[in-house]
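*Asks:* Use the sequences and the hints to build the structure in full.
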Amino acid sequence: MPASTSTPDATGHFGPFGGRYVPETLIHALDQLEAEYRRAREDRGFAAELESALRDFAGRPTPLLRASRFSEAAGCEVFLKREDLLHTGAHKINNTIGQCLLARRMGKPRVIAETGAGQHGVATAAAAARFGLECVVYMGTEDARRQHLNVERMKLLGAEVREVDSGSRTLKDAINEALRDWVTRVEDTHYVLGSVLGPHPFPMLVRDFHRVIGIETRAQFAAAAGGLPDLLVACVGGGSNAIGLFHEFLDDRAVHKVGVEAGGHGIASGLHAARMVEKSVGVLHGTRTLLLQDERGMIRETHSVSAGLDYPAIGPEHAWLAQQGLVEYAHATDEEALAAFETLSRLEGILPALETAHALAWVLREGRGLGATTRAVVNLSGRGDKDVSEVLRVLAARDPAAPGGSPPAGRP
Amino acid sequence: MPAAVGRLGRAFAAAPGATGLIPFITVGYPSLDASLEMLRGFSRLGARAVEIGIPFSDPIADGPEIQRASEWALGHGVGARQALELAAALRRESELPVVLMTYANPVLRMGIRSFATGAHAAGADAIILSDLPPDESPEVWQALDAASLDTVMLVAPTTEPKRLRLLLERSRGFVYCLARTGITGRSGGDTGSLPKRVAELRARTALPIAVGFGIAGADQARALRGLVDAVVVGAAFMRAVSEDPEHGAVERVLALAAELLAALA
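Keeping their order, the protein sequence lines are chains A and B.
Sequential numbering from 0 applies to the first sequence in numbering that gives the first Met the number 0.
Sequential numbering from 0 applies to the second sequence in numbering that gives the first Met the number 0.
Think of the hints as simulated: they come from the structure by calculation, not from any bench.
This one's a predicted model, so the numbers in the text were calculated from it and none came from an experiment.
Backbone N, C-alpha and C define an ideal beta-carbon position, used for all residues, glycine too.
Hints may be right or wrong, so weigh each one.
Said to hold, decoys possible - Selected chain B positions facing chain A (Cβ under 7 Å, derived; list incomplete):
no., residue
1, Ser56
2, Asp57
3, Gly78
4, Asn104
5, Glu159
*Replies:* In structure tokens form, the structure reads like this:
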């Protein structure tokens, strides 16, 4: 069972966070989703269907890799949970399979999704195709530019991609538009929300669909290294891959957990997505949580080199875990993330997603201080193929002599 | 069931059986002066009440017209404080009931007690929070009650009978019945069940009933005459402004209001 400290109450609150801040039109759909999810959770048929899809369609279980050369560079022992090996290239598909199965149970023929980096959009499009559902994905025009390859992948998978040109033209605005679609077509549409965000029951059910990450990690780590890891590290946008890894270990207080937010150009620049720095409480996209806002309560624009972390609010359960001191939250800058991207690529032969690179960057920065006997698991939440053109663009802008740029930190 | 009292209650009681008009405008679109002129005009023309929208950066219940108006207002530094000042300016010269409409975050950021006492002091009569259901954040509802502000609930086509009880218990002033699922300004979709839904509401509440969402012109308003106690129109007014925000906005808005009122008379 999940730790009692981290289970939402009957109305979907994690302490003072979470809840349901939505137009009345959506309440019925949320009630229906919650009821269906609770029924599905008790249904052996659903569990079997989910398990078989995760295994045969998505490719679970994913391996836990001892990253020897990266460990040397970091100064502590690092294991990588290989969610990047999943079908469509990131952890996101754990959730989209679960939610598309729920949509089908509810008799809803159409699913919609928002996407930032494009990974959730691709994972939704793939699951929708597999389960015979119509699929529309909302994506900010800025993100569509940064992640053009994923736009094309979604289209090839049969999804319609609607670009959103309002506001900051990133993930936040894509969610606004997806919510507007849902409130309009709520009778025949399920909203496959892509992170541990939004109104109850989304933060709970998205987390539950990702808990498999931590459950596998516990068993694999015990088999490969013995005992429990000392440290778990994951990047945090909304926070789904992090909660998926951490949740199984919440009662293990000796296992330190670190969520790494996007530091962008640095906190002082104001151009970042590090919600845990100011810890300002507010309401966005259906949930009460920690977010970036101005003195009038308007949501601030964020910046990150990684589209998937470029979002002004953190999942409400993370806000609650932070308040209880159960998880430490830190941040890594664009620059550090790019260096970590290069380091992992060259030392382990794995291109990580730029989102994931933030978690790796934290380990590279803090590893020596932790010491060589510290055993850390980093959730390698996604692969970096989607980021190749963006990385080359950023490196070229920084150093015209790129590709490759300057030698990364930790290069032997 | 709370009976309609206060300025809103009196406005509805003064026109039994008639269908009134409740125009919505976003404060500060295109300017604070223009907003005040629009409110004065609505009062002069005989609107039942007026809704003043406080802009929010992420208005998930609103279509492009009100999004655009909100962005404009925010870009000109207009927010909750200016909305309260606008309400106070109207109140100095008119008894037209004022409903403030916004999202949870701007008022939570101001502090709900501070917002509630400020709204009451400005002469506002009621509050609509588009993304705050009655069973969420009890401290908000307590603070609004304590400041004697009516709390208007939105009832959706998707609202279940069990849920309706909760909404009606929390309703003060009038009940806002959504003509359709969806966002403001979107006029498609099926509204055929509206007479039945209004009849069901009548059977369960003595409060006046207003209908809104996607009511854009005189024909739609005329179709509702006699069915409900008021029609709420918002996006159509903001569209009238956006044709040319710098020129003739007040005139176009008031011409539309006059046309709607004639259709409802």
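*Asks:* Work down the list of hints and note, for each, if the structure agrees.
*Replies:* Right, here's what the structure says about each hint:
Interface restraint check for serine 56 (chain B): the shortest CB-CB distance to chain A comes to about 4 Å, inside 7 Å, so the restraint holds. Restraint check, aspartate 57 (chain B) versus chain A: the minimum CB separation of about 5 Å is within 7 Å; hint holds. The beta carbon of glycine 78 (chain B) is positioned within 7 Å of a beta carbon in chain A (closest approach about 4 Å), and the interface hint is therefore held. At its closest, the beta carbon of asparagine 104 (chain B) sits 5 Å from a beta carbon of chain A; the interface hint therefore holds under the 7 Å criterion.
Of the supplied interface hints, the one on glutamate 159 (chain B) holds, with its beta-carbon coming within about 6 Å of a beta-carbon of chain A, less than 7 Å.
The structure fails none of the hints (numbered hints given earlier).
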